[in-house]
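Colleague: Chain by chain, the residues:
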Amino acid sequence: DTEVTQTPKHLVMGMTNKKSLKCEQHMGHRAMYWYKQKAKKPPELMFVYSYEKLSINESVPSRFSPECPNSSLLNLHLHALQPEDSALYLCASSQGWGDSDTQYFGPGTRLTVL
Amino acid sequence: GESVGLHLPTLSVQEGDNSIINCAYSNSASDYFIWYKQESGKGPQFIIDIRSNMDKRQGQRVTVLLNKTVKHLSLQIAATQPGDSAVYFCAETSGANSKLTFGKGITLSVRP
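Going down the list, the sequences are from chains A and B. For the first sequence, the numbering used here begins at 25 and goes up steadily by one. For the second sequence, the numbering used here begins at 2 and goes up steadily by one.
Hints listed in this document are in silico derivations from the structure and should not be mistaken for laboratory results. Honestly, I wouldn't trust all of these hints.
Stretch-level coverage of chain B by chain A, calculated; a stretch enters the list once three of its residues show a Cβ under 8 Å from a Cβ in chain A [said to hold, decoys possible]:
1. 22–30
2. 57–65
3. 93–100
Facing chain B, a subset of chain A residues (Cβ under 10 Å, in silico) [as the list claims (entries may be wrong)]:
4. Y57
5. K65
6. Y75
7. S79
8. C92
9. E108
10. L112
11. L114
12. A116
13. W121
14. G122
15. G130
In silico BS3-like cross-links for lysine-lysine, where the CA-CA straight-line distance does not exceed 30 Å [stated by the list, open to error]:
16. K77/A to K57/B
17. K33/A to K105/B
18. K65/A to K42/A
All C-beta atoms, glycine included, are put in the ideal place defined by N, C-alpha and C.
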C-alpha cells in the first residue's frame, strides 16, 4: 500500500482566515513533504520533515506553518494568505530522507484564496 | 543551476501506438530517476524508477531508459491507451538526500 491521504480535497478561504491542511500516511515512512503546485507547473518543494523534525524550509513565507505531530501525520497551518497562494498543495512521504528514496504523493488539496 | 528538462511540451499519439517521452537532465551527480504521471485534479502517481547503475528497467507496459553519457532519460509506453492521457514528469535526485528536481512536464494526449 502506497497511499498518502490529504484533507480537505478543496478549500476556499479569505485572506484573514486561519485554516489547516492535513496529511496522513501509514506506510511507516519517516520523511514527509509539503509541495505547492501551480497549474501546468511541476511541484515546488516547501518543507521536509525527517523523523518528525523539520529538515528543510525552502524559504517559505511564515504565513505557512508546518507541523508534524507524529510520524504518520503532517499538517500545514495557513494564516493571512494572499490570492497568489492559490494552488494545489501536495503532501508526499518516503521511507527516509537521506537515501534517494521514492516519494509517494497524496491527491492534494486545491486551495483558493479570495 | 542544475535543471531537469523535457524536450517537448505536448505529445499526441494514436490509441494503440507506442509513446516515447524524453527528458534531459544536467546534474551529472544524479543517481536516481523517477517518472510520475499526473492526471487532471490528482497528485503525481509513481510509474517507474531507475538507478544510475542500470540503463533499462521494465514495468507493466512501461520501460525507462537511462543514458548517462548524454544525460538522457526516456519513458516508453507500449500500446498507449486513453487512460494514459496525463501530464508526465521526470524527476531526479543526487543521493545526498531525497530532494527531487522535476522536469517541466509533458502532456500526453491519446487520440481514439
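Colleague: Next step is simple, just say for each hint if it's right about the structure.
Modeller: Here is what the structure says about each hint:
1. 22–30: violated (count 0)
2. 57–65: violated (count 0)
3. 93–100: Three-residue rule met by the region 93–100 of chain B, so holds; n is 7.
4. Y57: holds, 9 Å
5. K65: Status holds, d = 7 Å.
6. Y75: violated, 13 Å
7. S79: Cβ of S79/A sits 8 Å from chain B, so the hint holds.
8. C92: violated, 16 Å
9. E108: At about 20 Å, which exceeds the 10 Å cut-off, the nearest Cβ of chain B leaves the hint on E108/A violated.
10. L112: holds, 8 Å
11. L114: holds, 5 Å
12. A116: Result: holds, 8 Å to nearest chain B Cβ.
13. W121: Status holds, d = 5 Å.
14. G122: Nearest chain B Cβ about 5 Å off; hint holds.
15. G130: holds, 5 Å
16. K77/A to K57/B: violated, 36 Å
17. K33/A to K105/B: Measuring from Cα to Cα gives roughly 25 Å; hence the hint holds.
18. K65/A to K42/A: holds, 26 Å
Hint compliance for this structure: hints 1, 2, 6, 8, 9 and 16 are broken, all remaining hints hold.
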